[in-house]
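Q: Residue strings, one per chain:
Number of protein chains: 2
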Amino acid sequence: MDKRPTLLLIAPGKWGTLWIDKLQAGPIRLVVHGRDAYATDAIDYALSFRPPPGLLKSLRNLKGVFSLGAGVDGFLENGDYPERVPLVRFVDETLAVEMAQFVVMQVLIHHRRQRLFDAAQAQKKWAQMVLPRRTEDTRVGLLGLGEIGLLCAERIADHGFPVSGWSRTRKAAPRVTSFAGDDERDAFLGQADILVCLLSLTRHTKGILNAGTFAAMPAGAFVINVARGGHLVEADLVAALDSGHLSGALLDVFETEPLPPTSPLWSHPKIAVTPHVAAISQPGVVVKFALDGIAAFERGERPDNIVDVKTAY
Amino acid sequence: MDKRPTLLLIAPGKWGTLWIDKLQAGPIRLVVHGRDAYATDAIDYALSFRPPPGLLKSLRNLKGVFSLGAGVDGFLENGDYPERVPLVRFVDETLAVEMAQFVVMQVLIHHRRQRLFDAAQAQKKWAQMVLPRRTEDTRVGLLGLGEIGLLCAERIADHGFPVSGWSRTRKAAPRVTSFAGDDERDAFLGQADILVCLLSLTRHTKGILNAGTFAAMPAGAFVINVARGGHLVEADLVAALDSGHLSGALLDVFETEPLPPTSPLWSHPKIAVTPHVAAISQPGVVVKFALDGIAAFERGERPDNIVDVKTAY
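Heads up: the sequence lines are chains A and B, in that order.
Convert by adding 22 to the 1-based position in the first sequence; the result is the number in our numbering.
Convert by adding 22 to the 1-based position in the second sequence; the result is the number in our numbering.
Calculated from the structure, these hints are not laboratory results.
Among the clues, some could well be false.
Copies of the same chain look alike in the list, so a pair counts if it fits in one copy or across any two.
[Stated by the list, open to error] In the SDA-like style, the derived pairs of lysine to any residue whose C-alpha atoms are separated by at most 20 angstroms in a straight line are:
#, residue 1, residue 2
1, Lys228, Arg190
2, Lys310, Pro27
3, Lys146, Trp288
4, Lys292, Leu138
Construct the complete structure from the given sequences, taking the supplied hints into account.
A: What follows is the structure, given as C-alpha cells:
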C-alpha cells in the first residue's frame, strides 16, 4: 500500500502543466482535481489558488492547505474555509523581487511618458521633450507596506521619487513616509501622484479603490493595481478617468480573470491592461514550497507563514 | 559700457526657448546664435551641444566653452576645436539619475515582455505567462562604466540581474563584474544577454556596435543604445535582427537627429525608437551650470569637469 501523503492540486489547467511533472517527482502521491478520480477522505494536503466553494470543507482528513499566491483571499472570501486546517501562505523572495520589478517598470513608463513615445514611433514622429514633471516632485504612494510593499518602496525611492506608504500600523522605513489607519488615509491619498495598490484583499480592503479614494487624490494622478481585482470599483475608475481627474491607470488584476473580451477596460484609452503577470513565481519554487511544507507537517512540525484565518494576515 | 561677460548660446531653436529667459536673468549679456547679430570678437563664452564646424575657432576672445550634454563629441569630432579654450563638460547628478531610470525601464520592458502585453491588449487577448527567462539568468552588460554607467549598474543589480561592465580600465564595483580593454571585450560580449551602450563617442568607440560585436553576443540578445548614434552601424543592427541572432533593440540616439521620417528604423518590428530622451537635464540645472562656470572663470578659477581635449575624457 502507498504510504506517501496525498496532495490534491486544484489549479487552472494551463498552470497545472507547469507543476505536475515536478510535483510527481516528489515523495507524494499527486491527485489533480478535475483530471483524476479520488475519494475525498484520501486527501492529506491541498495546493490551490482559488478552490471551488465547499470543496476544501468536504476533505475530512485534510492536514494542511498551501496557497499558490501570496494572497489567501481566494480561500477565505466564501467563509467556508475549514478553520481547523492550517493554511500556509506562499512567501517567496523572488515574488517580491518580481513585484518590485513590475511596479518600478510601470511607475517609470508613466513618469517617463514611454507610451507617448511608443505612439509617436508608430507615426514616425520625433516627440523629444523635457519631462513635464520632475522626479523629485512626483510622489509615489503605496497602499500596503508588507514585505512586498517595503521592497517596492525601496526600489522606487532609489530612482529619486518621494515615497509614502499607508498601512494598518505605522512602519519604520528610513526612506518611506508612513501613514497609518483610517485617520491618515485622506492625508496619504492627497499626496499620491502615483498610487500603487499592494494590499491583501480582506473585507476591510474590498472596493478600497473607489470614487471617494480617487476624489481624495491630486488632479492628474495615476493608479496602479497589482493586488486583486476586488480592490477596485471598475466603474468608479472609468468615471474618474473620463472626468479627467485621473490621468491614467495600469491594471494587472481583475474581478474576473481572464478579463473577458467584452470588458470595456481593454479598450479604454487611459487604461493599460496586463494579464496578472506582476509576480508569478517560477514553477520550481512553488513546488519546493509545497513539498517542504508537506515534509514539515509529516514530521509533526508547523511550516512558516501559517495564516491567521480570522484576520487573513 | 556693458562690462558683463558675453555668452553665445548655440542651440536648436526649440531648446533655446527653455533657457533663454533664465540665462538672461543672470549677470551676463546673452547672444543667441542665428537670432542675434554679433561681433565674433565680443564673445567671451559659448554654450552649445553641437556647434557648426569652424564657428568656435572664429571666436578669438573665447575664454571658455560649456557643453550642454555629458558627452563632448559634438565639439571634438570635426577636429577644429580651439585647444587653448577650456571645454567644460556638463556633469549633473540628475542626468545620471534620469539615465538610470531610463535604462532600468528599458531593461525591464524587455525582460518582463511588456511590449507583448501591450500588443495583446490591443487584441483584447489575455496573454498570461511565466517569464520565459529568469532574472538571475539574464545577464546585463554595460559598455562604459563611468559615473553614469556605475549608477545604472547599481540600479539594475538591485532588481536581481547579474551585471557586468566593460571599460578601458578595470573598475572596482562590488556588484559589477568588470571587464577591461580590448583583450576582454569578446568575453564581455559573450555573456551580455542585454547590452547597454553608455560610452562616450570618441574615435576609439565610433561604430563599436557593429556586426562583429553582435556576432560575439549570445543568440537572442537585446541591444540598448543610449549613448550616441555614431556608436551604431545601423545596417549591421538591422542585419543581426533580421537574421534572428538578436531579438530586439531600443535606440534613443541616432546618427541624424531628429531621425528622418524616411529612416527604416522607425518601422522595424524589432526596434523601439525613442527621441533622445534618456537623460535631458532640467533647464534650470543647465543654466546654473553655465552661469556658475562663467563666474568661476571670471574669478580667475577653473571650473570642475574641464575636458582633456586630446583624449576627449
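Q: Please list, smallest to largest, the hint numbers that this structure does not respect.
A: Every hint satisfied by this model.
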